[in-house]
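Chemist: Residue numbers (the working numbering), protein chains in the order written: chain A, 1 to 574; chain B, 575 to 741.
Incorrect hints may have been included.
Some chain B residues judged to face chain A by a derived CB distance under 7 Å, without partners named [what the hints assert, rightly or not]:
#1 Phe-640
#2 His-687
#3 Ala-717
#4 Glu-720
#5 Gly-725
Worth flagging that the hints you see were computed from the coordinates, not collected in a lab.
C-beta: ideal position from N, C-alpha, C; glycine also.
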Amino acid sequence: MTAHDPQQAARSNAPTTTYLYDAYDTAFVRERVAEFRAQVARRLEGAMTEDEFRPFRLMNGLYLQLHAYMLRVAIPYGTLTARQMRRLADIADKWDKGYGHFTTRQNLQYNWPRLVDVPDILEALADVEMHAIQTSGNCIRNVTADHFAGVAIDELEDPRPTAEFLRQWSSLHAEFSFLPRKFKIAVTGATHDRAAIKAHDIGLRIHRDDKGEPGYEVIVGGGLGRSPFIGKTLREFLPREDLLAYLEAILRVYNRFGRRDNKYKARIKILVHETGIEAIRAQVEAEFGAMDRAPFKHDGVEFARIAGFFAPPPYESLPEESPALEEAKRANAAFNAFAEVNVLAHKTPGYAIVTVSLKPIGGVPGDATSAQMRVLADLSEKFGFGELRVSHEQNIILPHVKKDDLFALWRALDAAGLATANAGLLTDIISCPGLDYCALATARSIPIAQAISRRFADFERQRLIGKLGIKISGCINACGHHHIGAIGILGLEKKGQESYQITLGGDPSLAASIGELLGPGVSADQVPDVIEHLVDFYLAERRGEERFIDTWRRLGHARFKDVLRREGEDGADI
Amino acid sequence: MALISDGNFVENDWRHLADEEDLPTAGKIIVSQKRLGEALAALPADRPLGVVVANTTDPAALAPHFSRLALISVAFPSFADGRGFSLARLLRRAGFTGELRASGRLVADQSVHARQCGFDTIEIPTDLAARQDEAQWRAALGAYSEFYQEGYGVRSSILERRRKATS
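All chains, full assembly: derive it from the sequences and hints.
Modeler: If you want it as structure tokens, here you go:
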């Protein structure tokens with residue numbers, strides 16, 4: 001069961017399911033820690049001003065927040081080993097307050113580290129082949145991917161080799177470390193987009209050309225924030241061997257021509273919007289044609305080397321059906337609910353994908369205690385080849401669990417308070433940290449999520465409502481992805497009061513859409529009422545298997561606006 | 575002003591000519607972009623000539639003068655404005671082989687970025703050099719033994735080294 005622990009897997013013939021550092025990767029990350037240690041010392045001695053230090057601390061994941069520093073650790077393409085998860089728990093205990101917060105971009109945030117401790121924390125991460133490199137700053141950020149990579153039934157190709165290839169290429173990129181603004185890349189290799197690729201600066205969708213060769217649809221200029229845009233296709237099919245060269249061309253065009261006069265207009269989405277996708281395509285293709293591509297001609301060899309690490313674990317040969325699972329579902333209603341909601345089909349017969357929800361009723365979305373992290377590490381070893389994933393929905397995934405083991409796994413999760421059966425349901429809320437932590441926030445997010453969660457605590461009711469994404473951001477920067485929530489909630493400040501704008505119809509999938517505003521903002525204590533009225537209206541109007549967003553699309557936005565108008569006449573001030 | 579080359583503080587034998595100054599009859603001078611035409615016409619072909627350019631300059635506009643230019647200095651309006659790094663790459667790609675200089679308030683921690691993109695020297699204001707001494711610049715330049723990106727810098731990349739190790 002520990003074959004996937006990096007130390008174990010380094011032995012010959014031991015299979016791996018994720019990338020393992022070689023001596024170059026190890027040296028690079030160690031040198032990065034040493035560099036940052038010296039930078040902290042130079043900052044404290046005064047050799048660097050805070051302005052000079054700032055981009056370098058950000059490119060090592062360190063923010064100055066409302067109350068303290070915050071360290072954002074990268075979990076590249078959302079993949080973690082049990083050993084790495086334990087190390088995250090140890091760090092939370094030793095240098096933070098015993099917990100961490102999993103974010104919408106497959107990162108983990110510690111909210112209370114001290115500046116002087118950060119080099120030691122980074123060293124502790126480097127010990128387990130982890131880092132906080134480029135999780136912030138105006139550079140290419142941690143590359144994210146489908147959290148069901150390698151196990152989803154709708155997958156054409158595992159996106160993680162591509163993401164790892166890009167992680168290395170983007171690490172300390174000499175030319176692209178001082179971009180106009182941050183730059184986020186996401187990769188998917190499946191029919192269903194679980195990586196929100198159209199909401200990224202670059203989204204890559206792996207597909208094949210008519211000869212069967214793998215390549216990428218390259219989508220550019222998506223993003224949320226104060227000006228949300230759905231990404232546009234720059235290249236329908238880019239051959240794999242051209243990937244790095246083509247991305248270099250895009251980044252060069254952006255670095256040279258992206259706006260630097262206004263940080264709110266500096267993302268590539270604004271350049272694409274203002275210049276036009278045709279003109280940007282012409283510029284990128286011209287640069288791609290002009291550049292010396294000789295340095296990239298062996299990229300295929302390196303890609304193959306990386307891809308070799310992402311082999312499937314040694315699955316047992318099992319029948320598709322598990323009588324033990326069916327029997328347990330019949331015998332235990334709570335387990336049955338969990339199995340129906342949090343367990344998904346796996347591409348290998350007899351196995352399943354399990355989502356461990358970090359959204360307990362009334363809890364803080366995405367938070368996990370060190371004890372919970374250790375439980376998850378242990379359970380991943382006992383039931384899932386020692387591998388875990390972090391989803392952009394802020395949950396933890398155990399990607400390969402035998403169906404026969406699901407009941408035992410559930411009992412262990414339940415004992416640790418980790419068996420909330422709400423994956424994809426209304427209370428599986430995405431939320432940014434908001435005004436409780438963040439210096440940018442204009443309103444609280446977490447208490448809103450908690451209030452909605454308590455209002456809809458009844459799991460029978462949640463299951464009746466079905467799949468419904470609620471996403472909450474505590475400011476216009478949209479870290480909670482409210483624009484792409486079927487129900488989005490944006491917290492603003494109006495005359496000293498928190499005010500929440502509600503949008504409907506956002507969609508993070510390949511059918512991506514930005515939510516439409518429902519009406520004037522409402523106060524914090526009204527938010528659960530508004531959500532409830534909207535949901536009740538949906539339940540009354542839905543046909544057959546329609547999801548909330550389907551009903552909204554069919555009936556139109558105006559009908560939903562009417563709901564609130566009527567409620568307002570009944571006396572509620574909304 | 576202080577000049578850094580390969581991690582060392584070195585003598586600067588180039589002089590920035592102010593726009594209101596007459597062209598001198600001797601010495602190595604760096605002129606602004608707007609006086610480049612005048613300097614090219616007035617100075618003999620064997621007089622070392624440099625030009626300081628904005629980071630928004632089109633490299634194609636400078637390319638016809640490469641053979642006559644011994645130095646191009648790319649101005650960084652802020653150390654956080656990375657356009658100069660792309661311009662350096664483009665000037666090298668267009669065939670400029672003279673001294674490529676980054677000028678502005680670059681910090682020691684950017685020495686590797688500058689070198690990998692093709693800069694030979696970095697010119698910084700004196701107050702910054704007083705705070706970030708030669709030891710810091712030298713240490714920063716040696717912070718990393720290898721880099722991932724192919725086609726940057728003169729040493730082979732990590733990817734090339736891996737290939738050589740397996741072939």
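Chemist: If a hint holds in the structure, say so; if it doesn't, say that too.
Modeler: Verification of the supplied hints:
1. With its C-beta approaching chain A no nearer than about 17 Å, B/Phe-640 sits outside the 7 Å limit, and its interface hint is violated.
2. Against a cut-off of 7 Å between C-beta atoms, the interface hint on B/His-687 holds, since the closest Cβ of chain A lies about 5 Å away.
3. About 4 Å separates the beta-carbon of B/Ala-717 from the nearest beta-carbon of chain A, less than 7 Å, and the hint is met.
4. A least Cβ separation of about 6 Å between B/Glu-720 and chain A falls short of the 7 Å threshold, and the interface hint therefore holds.
5. Against a cut-off of 7 Å between C-beta atoms, the interface hint on B/Gly-725 holds, since the closest Cβ of chain A lies about 3 Å away.
Violation of the numbered hints given earlier is confined to hint 1; every other hint is satisfied by the structure.
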